[in-house]
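2 protein chains.
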Amino acid sequence: MTNWALGIDLGGTAVKIAVIDREEGMLAHERHPTRSEEGPDGVVSQIAALAFAFYSRFADRLGRERFCGMGLGAPGAVDSVRGMLSYPPNLPGWERFPLRERLLELLDSAHGMACPLHLDNDANAAAYGEAVFGAGKAFENFMLVTLGTGVGGGIILGRRLYRGPSGTAGEVGYMTVDYRGESEHAGIRGTVESLIGKKGIVSLGRTVYRGRPRSLWNEEVHGRDLCDLSPRTLEKAAHGGDAVAAEVWEAVGEVLGAGLAGVVALMDIRTFIIGGGVSGAGDLVFAPAYRRLKASTLPSMQEGLAIVPASLGNDAGVYGAAALCFSPVA
Amino acid sequence: MTNWALGIDLGGTAVKIAVIDREEGMLAHERHPTRSEEGPDGVVSQIAALAFAFYSRFADRLGRERFCGMGLGAPGAVDSVRGMLSYPPNLPGWERFPLRERLLELLDSAHGMACPLHLDNDANAAAYGEAVFGAGKAFENFMLVTLGTGVGGGIILGRRLYRGPSGTAGEVGYMTVDYRGESEHAGIRGTVESLIGKKGIVSLGRTVYRGRPRSLWNEEVHGRDLCDLSPRTLEKAAHGGDAVAAEVWEAVGEVLGAGLAGVVALMDIRTFIIGGGVSGAGDLVFAPAYRRLKASTLPSMQEGLAIVPASLGNDAGVYGAAALCFSPVA
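Read top to bottom, the protein sequences are chains B and U. When the first sequence is numbered by the numbering used here, its final residue is 395 and no position is left out of the sequence of numbers. When the second sequence is numbered by the numbering used here, its final residue is 395 and no position is left out of the sequence of numbers.
Fair warning: there could be bad hints in the mix.
For chains that are exact copies, the list does not tell them apart, and a pair is met inside one copy or across any two.
Claimed, not checked - No more than 30 angstroms apart at the CA atoms, straight line, and that leaves these computed lysine-lysine pairs for DSBU-like:
id, residue 1, residue 2
1, Lys263, Lys301
2, Lys359, Lys202
3, Lys264, Lys359
4, Lys263, Lys359
5, Lys301, Lys264
6, Lys301, Lys359
7, Lys263, Lys202
Because the hints were derived from the structure by calculation, they are not lab data.
Just need the whole structure built from these sequences, with the hints factored in.
Here it is in structure tokens:
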């Protein structure tokens, strides 16, 4: 007889919801297109309805008295103390929104439901998910880095989330590793995300391929105009033996490793768990990233240095959101 | 009637010792050349003798019962829990040394003195000194960055030192900001220290001046061979109206600002207190550093962003070492 909670992962494209049992893990989950065109109020009613439906379906079976509440991971800057969400990317029209208050109000008024509600940044939720249920179980301290459309991060120190004084910590994608470079993301030059976010990888890949017109895959897979070049095609090309694609991943790993070396130097964190769609490239990116990370770290700080793949995939967010309800988190 | 403590700052060149009163601040201090050629045992006896002499001089006047102990800041990796010092730069032959144990043993056997002894990294001690007695008094969270021969740092979170899981946190000088660059320090490419440690500034200055042979100061102050170029001459040249020197400081500030932007993104720390000899350049470096810091930080993370000069100068280390005795520090 263990505790259970609802975990919700709010994104610009989809709302994911799951029932998570503390011992058994995920018992059910669904994914729905986010009704982002209806603005914050529409999305809040969507979440409230989904949460109430899930709660109702499982409350008798799992026990109302063992229900710990719901956790919600959201993109953008989240003030988890005040329950405010600020400027979530891919959710236009939100600006600063009192998400927890509104959701609790609506759960009460529309569904007569009251429960604890924990709100956090989506990358923090994913990091906490890996800490409690995934690849981070064995580590006291680590950083989860998500490589996807963007590059995000969440920090676990002493098994707790490190959110920073105003709750915006962990944004490894906004660290500058190429201060004189031309790459840019969100108006900032030379950041990790500008170089190896999805757009960055595509741009980097095109640059490398343009210099190597005789690559087998250049013509056969991507075509001469390189329009189909993406992390996915680069992964296939490299696995298919294309040396140029492997070179692109080498370059991606260099950037990642240099960024992570900064995390080691600054925070004394030495374990990096890598998730997100692009991390599917595995050792294509992990191996060069580790080489650069090690080469860019003082010998006295190399003990325990490790890059480890995440294990919960796209479910890390819902796992972690639910896990926020199980334990007190700093 | 307040508490008092001894603060000791061990460096490769000098041992500084001070009597610090919790309310009154520094009551006395001395500086002695480090007997580094005698190895760890010689330095430990030097410190023990100095500490005992200072204690004896002040114990009756300030009260033995109000003596809180001694704090010691040392260069290199310090394990403040186990009292171990590892590979202190500029102190050859130390490797891994049980500094606290040896010092306590010698205080007892040679001087019959027993007291609490707190050991920490010198940059951490300086950060804590600024927090308790200096420019950091007003801030809950900040990073002290020391610009000198090297670039060091110490992190204060919630008025406590953040040391990291193994005690090596705060090494902002080892963050990579120019991952493709050629600059190098301690075998690592493109770090903040490789670019704007003292050697980095000189090298950067020479590059800029070589491209501008007609600079007034190039011939009159530095001479054509640029041998006299140093942070100090660059400071004088800029204050004297040399536009090229100002350009060099602009470039130094760019690197500093880009590095600090990584601290904001990762740790959500927004106040930077800048000390060390090179920080004497003041706004020559602070102004461009702040511009780049702001330009490299998301708008949602700019609230409270500030660069502030340190206020304790070379005494921050002894202040902070003593302050370690006054309060419980995480």
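Which earlier hints can't be squared with this structure?
-> Violated hints: none; all satisfied.
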